[in-house]
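Here the protein sequences line up with chains A and B, keeping their order. Using our numbering, the letters of the first sequence map in sequence onto residues 1 to 331. Using our numbering, the letters of the second sequence map in sequence onto residues 1001 to 1438.
Certain hints may be false.
Distance ranges between label pairs, derived from CB positions [stated by the list, open to error]: (1) B:Leu-1014 to A:Phe-105: 44 to 52 Å; (2) A:Leu-259 to B:Thr-1039: 39 to 47 Å; (3) B:Gly-1010 to A:Ile-34: 13 to 21 Å; (4) B:Ser-1049 to A:Ile-219: 56 to 64 Å; (5) B:Lys-1292 to A:Leu-120: 37 to 45 Å; (6) B:Thr-1178 to A:Phe-265: 39 to 47 Å; (7) B:Leu-1014 to A:Asn-263: 27 to 35 Å; (8) B:Arg-1086 to A:Pro-95: 28 to 36 Å; (9) A:Leu-168 to B:Arg-1086: 32 to 40 Å; (10) B:Asp-1221 to A:Pro-95: 17 to 25 Å.
These are computed hints drawn from the structure, not numbers from a lab. This structure is a prediction, so every number in the text was calculated from the model and none was measured. Cβ coordinates follow ideal geometry from the N, Cα and C atoms, glycine included.
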Amino acid sequence: MTTTAPPRTGKRTVRKNHPGAAPRTRRSGRLRRISLPYLLLLPALVLELLVHLIPMIIGIVVSFKELTQFYLRDWGSAPWAGLDNYSLTVDFDAPVGEALLSSFFTTCLFTFFSVGLCWLIGTAAAIFMQETFKGRGILRTIFLVPYALPVYAAVITWAFMFQRDNGLVNHVIHDQLGLTDSPPFWLIGENSFITLLVVSVWKGWPFAFLIMMAGLQNIPREIYEAAALDGAGVWQQIRRITLPSLRPVNQVLILVLFLWTFNDFNTPFVLFGKSAPSAADLISIHIYQSSFQTWNFGTGSAMSVLLLLFLLVVTGVYLLFTSRGRSATDA
Amino acid sequence: MRRIRVAAVGAVTLSLVLGAAACGGGSTSGAGSNKQPKTLTYWASNQGSSLEVDKQVLQPELDKFEKQTGIKVKLEVVPWGDLLNRILTATTSGQGPDVLNIGNTWSASLQASGALLPWDAKNFEKIGGKDRFVESALGSTGVQGQDPAAVPLYSMAYALYYNKKAFADAGVTKPPTTWDELIATGKQLTKDGKAGFGVEGSNLSNNIHQVFVLGKQHGADFFTADGKADFTSDGAVKAVKQYVDLMADAQIVAKGNAEYSQNQSLSDFAKGKTAMVLWQTASATFAAQGMKEDEWGVVPAPVQSGAPGQGTSTNSMVAGINMAVFKNTKNIDGATKFVNFMTGDEEQKILNKAYGSIPPVKSAQTDPAFNTPGLAVLRDTLAKSSAALPQVPEESQFETVVGTAVKELFADAAAGRPVTLESVKAKLDKAQQQMPKK
């Protein structure tokens, strides 16, 4: 950390009295130029270490420990558990592993639908918003509101709307439209999956919209004009021009949406509280319960490490395939 | 060039500062010291109808304490949803309050973590001795045979609250004393969109309190004598089924109650939508919801028909708040002084009056203020027919897994799925398997 440039005053005197020392100064000047970017990056690097890497490493260490309530106060003294925490979490015949597996599948299903819908709605809205019409600016702003709202405030409002007896949702679909025989539950039971999906898509699609809108700005209008002259309809224009041009944008967008959705904790936690119904038992909530509610931080950490590995593999494979696909089209 | 140099130096300095700040974190060595004798941090649990009410109740007392001892107490009222997590975090980091309130059912769990100062004979002497406290309240301060992890501060008990007008309108003259009577009365009162009885189906702790008492009435304990989980005994299954059956079979509970977890059942009661609730020390909440004192009545919670009958059979848990000293305190003498102050006769009377609870200190309990019809019911229940929740380290896990099982059974009942002895047993079996292996 102290490998900065040599003391300035010393160098100056050197140059004044001994012209022969000039090459060394030049070298140290170059060193300084090269090291400057690293120096400027240093605070970010230290912060990254403190905020991300060190906790992550501690988490990995904890996953090999038997860190239960008995060792909380002095958790360094918790006995090593070897691979016990891992064998417990991946033993899919036992209740802990079985619950983790079912939570994993629920999360996959939820992520698939949520990312798919976010992308679809966001892209469609972005394409429609390309046309200039009256009120476009206002609509754009309104579309971004869910993204700008604080998550907690927004999701609490949703939780109120989904209440069975006094909620707005049941008031509309049951009391006013009469679509159901009796008011359904949204916050407990199987419907909770739909509830979670609705809130997640509502919260997530404006981001897709925003990114897509930015991506669309980069497609030259002339291409569309040329295509129109050649007789391409709207659908053909979207399929042959818009979507291929948006490919690099999509690649990042879907990855980011996937990671955010798969890891989402706030939405289910605020909607369902400490014990989510099994239909909406997302993996992050499940890990939280496994560590904080049962005070077994070793198992919780083991689950987190497995989740981390899974996401790393998915991200790696995804990037590998998409970048290979892109270089193929580029070539 | 100079600007770049300044930036580089700034960047290095910033990094060093950050690194140093991170390394300067907590030291978790040893138990309590007296390094900061002039201040205390106090985490109070939320006892009033809002955090603000608690501050208004507590601050004048803390000022009084400062005048007497010169020690300034920094107060933080922590909502129930956060309290246990905050304590866990404080335990692992060693950076916590000096004195704190805990739900008395957590005593054994927190005792096991080693975060709290044990109350041995020497420490008890500093607050006037163990004998000052009521026996039943002391039963919920930690594992039997170990030094208590905390001392009782406020005591509460479950009782049956009923809406006087609803009873009069339906021609009910005598509040129910047994579960059979409660169901019969409930059926009379369940009509015109109103329900006879209210439950808090998604509130895990409350579910536990209710099925624990019913378990006692069926001779079940949920833990064996040597502390192993025993959720699937006949008595436990019957207890859970009996509670859920209030909705599933007797249908005196509105289906919507299955998703209640934020005391909606109490606001339903205050609004006259339900006629009865089984709750602990609810008077302050009713008042905050705008219900007048003469609109509701309170009687001891129901028991099973036949022997041993009301007054003897368990009909409440020992509910209450304990006060604990955090082992890592930097003002251990001040902390014990503060506990002594808060459990003194004068403060006990003031605080328990304000919160509608019963003092766990014998000499304070005799004050006529705690002899009103409403409070006498609670006091007698505590003295004669209440039982402490299992004092085992796994108590908080028990609350989570069995509380969730009951929540899921309520969800089944609300969706019209049958709740049978088999389905109850299956849920409890799953809950038991989630408990840590011993």
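Checklist entry - Which of the numbered hints above does this structure break? => result 5
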